[in-house]
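Asker: If you want the building blocks of each chain, they are given just below.
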Amino acid sequence: MSDNAVEIRDLVKTFGGGRSLFGREANQVQAVRSISLDLKRGETLGIVGESGSGKSTLARMLVGLERPTAGTMLIDGKPWAELASSGSRAFGRTIQYVFQDPVASLNPRKTIGDILDVPLRLLCRYDSAKRSARKRELVDAVQMPADTLDRYPHEFSGGQAQRIAIARALAAEARILVLDEPVSALDVSVQAQVLLLLQQLRDDLGLSYLFISHDLAVVESISDRVAVMYLGEVVESGPAAQLFVDPQHDYTRSLIASAPRLTASDSAI
Amino acid sequence: MTNMAATTPPPARKRRSNWQLLMANRLAAAGLFLFGFIVIVALLAPVLPLPNPDITDQPNRLLPPFSAGHLFGTDHLGRDILSRLIWGTQVSLLVGISATALAALFGSLIGLVAGYARGATDSVLMRFVDMLMAFPYILLAIAIVAALGPGLLNALYAIAIVNIPFFARNIRGVTVSIRNREFVDAARLSGKGHAAVLFTEVLPNVLPVIVITMSTTVGWMILETAGLSFLGLGAQPPTSDLGSMLGQARAQLFTAPHASIVPGIMIFILVMSINLLGDGIRDVLDPRLRSGALDRPMPVTRIARKTRPAPTLPDAPALVVENLSTGFDTGDAITPAIRDVSFRLGKGECLGLIGESGSGKSVTALSLMGLVASPPGVITDGAVYIEGKDVLSLREQELIGLRGARVAYVFQDPLTTLHPLFTVGEQIAEAILAHDPIGRQAAHSRAVALMETVGIRDAASRASAYPHELSGGQRQRIGIAMALANDPDIIIADEPTTALDVTVQARILELLQQLRRERGLALLLITHDFGVVAQVCDRVAVMKNGEIVEQGDTRAILRDPQHDYTKRLIACVPELGEGHGFLDRVRPLFAEARP
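Same order as they appear, the protein sequences are chains A and B.
Quick note: the first sequence uses the working numbering, first residue 117, plus one each step.
Quick note: the second sequence uses the working numbering, first residue 8, plus one each step.
Don't take every hint at face value.
[Claimed, not checked] Simulated coverage check for chain A against chain B, where a stretch passes if three residues somewhere in it have a Cβ under 8 Å from a Cβ of chain B:
id, stretch
1, 143-155
2, 196-210
3, 223-229
4, 310-323
5, 335-345
6, 366-377
Just so you know, the hints here were simulated from the structure itself, not pulled from any lab data.
Think of the CB as a built atom: it goes at the ideal place given N, C-alpha and C, for glycine as much as any other residue.
Start from the sequences, fold in the hints, and give me the full structure.
Answerer: See below:
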């Protein structure tokens with residue numbers, strides 16, 4: 117087994133295309149064009165890019181929510197196609213996804229207990245005693261009070277809901293997590309807390325993260341390596357510390373120059 | 008951020024239960040009681056002391072109402088009308104409700120599957136439904152009954168089939184929107200199969216819509232059953248139902264009008280009560296109506312100030328806000344949203360108002376021009392001086408006249424504030440014409456000039472573009488152009504760059520800075536991002552829980568924050584170049600909060 121949690125080779129995703137009923141060719145959009153990336157075990161790979169750069173499409177393909185047009189992916193040593201054909205259970209056990217909008221990713225009509233129960237029952241096949249024990253462990257792991265389980269999603273703030281969403285991703289006991297803008301919808305102080313939680317969970321449980329964000333500073337704070345995406349391609353990748361200090365690609369430079377800073381006030385006024 | 012009030016209701020707010028809401032609607036309550044009474048009477052038909060509805064009595068035919076032993080008289084065969092009415096109501100109710108249940112079951116199923124599966128399945132199912140809809144419904148019902156043979160049960164099937172499209176289309180629309188929500192994807196990733204996702208995740212969210220649709224169609228179904236029976240296709244003699252009573256009495260309409268009027272009134276009362284109740288149930292269950300979409304907001308926020316401040320302020324800068332307090336009326340009490348907010352903003356100056364979600368930044372911005380939706384918003388205290396004059400003391404029309412003319416707003420997401428059906432040029436021209444009737448032609452050329460000012464290349468041709476044809480950054484430039492349309496003195500920008508990419512954000516901020524310098528605008532910039540404040544603002548005010556906890560020179564506050572909250576906020580902003588050091592730096596801040 118290789119030491120890569122995820123290996124992506126020449127991945128392409130094209131939306132649209134094909135012919136309509138009357139033979140007209142539909143417009144094609146190339147969301148991802150020939151991406152190759154590696155995520156090492158226990159590592160956090162940051163993916164930076166602006167809207168439309170294809171980062172979310174990449175994430176959705178990794179967890180099996182979209183089907184790639186071309187290219188190969190190895191997830192935890194298993195080919196993507198093999199996981200896809202063996203159903204959602206195989207995928208869920210291997211790789212999990214945390215959504216950008218935590219409130220939207222929790223069904224408003226189910227209690228947190230019901231929501232956490234699903235992956236434990238369907239993916240891990242635990243009996244009910246084991247499930248309730250695991251649920252308490254999970255809620256505790258994301259630093260939420262025990263009565264969380266009996267409450268409904270709307271009773272929680274954005275930060276708390278994101279902790280619950282992380283708990284659900286952890287419930288599947290997958291070793292790889294795809295985090296799609298997990299802190300973008302949160303206030304700065306909550307953002308910092310969620311980042312701390314993510315870092316601690318990774319170290320405690322030996323997880324590998326693919327961390328997607330448009331915020332350079334956030335990505336830098338948690339990633340070991342960073343890949344910059346622009347119009348569906350990876351234009352640059354490298355160790356986080358090096359990439360931000362010495363960007364090679366023009367686009368990366370303009371991204372870094374545009375990022376608002378607290379200390380840049382003297383030049384602007 | 009602009010709908011802060013809707014997303015973060017104050018914790019003290021009490022939600023009324025569905026039952027209380029329904030009872031508060033008097034028409035719906037009346038409908039409920041009337042319908043309940045009819046149902047109980049119809050159900051009690053076997054035990055009530057009624058003559059047999061099917062026994063004919065020729066000598067006593069067509070007795071008028073209030074005859075001895077026959078309260079509503081008798082029909083053309085001498086049968087007791089009251090008895091037939093009650094038994095007939097039972098039959099009509101049974102058929103109407105069963106038909107609704109059947110139509111709801113199959114229609115919803117088709118809608119759910121079509122909306123969830125999409126693609127070819129959707130096309131096939133919906134074209135089938137369209138085919139059903141293409142026939143006039145009563146004709147289709149008659150055709151179905153003709154094929155199956157007349158009879159109550161066949162009439163029931165016919166009505167159910169005819170109403171399937173109505174349910175299918177309604178439910179499909181809702182399902183499509185719910186299917187795209189993230190929790191559906193999340194459930195898939197938790198290992199649920201398609202059927203499980205559809206019935207355990209999607210269905211519970213669609214259920215209120217099914218109930219609403221059912222409650223608004225039961226009345227129709229009863230009417231349609233009556234229609235078929237009237238034509239002799241439904242209930243067969245001697246069984247009575249409301250429609251067949253009406254049909255049989257038709258021949259004696261002039262000699263014995265009571266025989267048709269009594270069942271007619273019954274149908275009217277029954278259908279009315281169900282429709283009133285159905286509308287009431289819809290209002291209670293529909294979250295959009297429940298959140299107050301039916302309330303018409305007043306043009307200016309209600310002002311109920313405890314004290315009356317001086318109407319003018321000598322030597323005032325462009326904008327002075329003193330002790331402004333705004334709250335939301337929850338029925339029993341006013342929950343304060345902002346308290347004692349005071350700040351000053353001079354010409355050409357930029358003040359940043361920063362805070363986390365729910366801190367009251369947007370309510371502050373909207374209160375300045377009385378734009379907080381009312382009800383429930385109430386300005387409870389304070390004054391807003393523009394050029395030294397308190398705008399909250401002005402008459403409504405004067406205050407509305409100031410909006411856009413002296414004070415203009417730029418909102419977070421221009422895609423939601425720009426009208427999708429008008430070109431951007433027309434919308435800027437409209438903003439100009441609202442205050443300055445210079446004629447369409449002149450307004451248009453001024454709109455193009457404004458678009459050039461805000462840095463849109465090739466403005467003359469871009470003016471005829473629709474909002475969706477522009478990028479996010481360009482749309483925000485249009486938003487700024489609209490704000491500039493009448494040469495305002497003050498611009499209030501509410502999170503103007505939050506929805507934009509960083510490279511675009513940098514350019515929009517540059518534009519705002521440039522306009523401020525060239526036109527001497529006073530800029531109130533509302534944001535949650537300290538980086539933006541650091542780049543643009545001269546001074547900054549930090550808000551927390553509806554109060555300004557600290558304000559002063561931007562550089563001074565960033566360098567040396569005094570209030571604990573400000574310190575914490577600034578410390579939580581990751582800086583580029585800090586790397587993993589950031590998390591090590593903030594860890595102690597939250598260490599004491601750990602359980």
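Asker: Hint by hint, where does the structure go against what was stated? Just the numbers, ascending.
Answerer: Violated: hint 1 alone.
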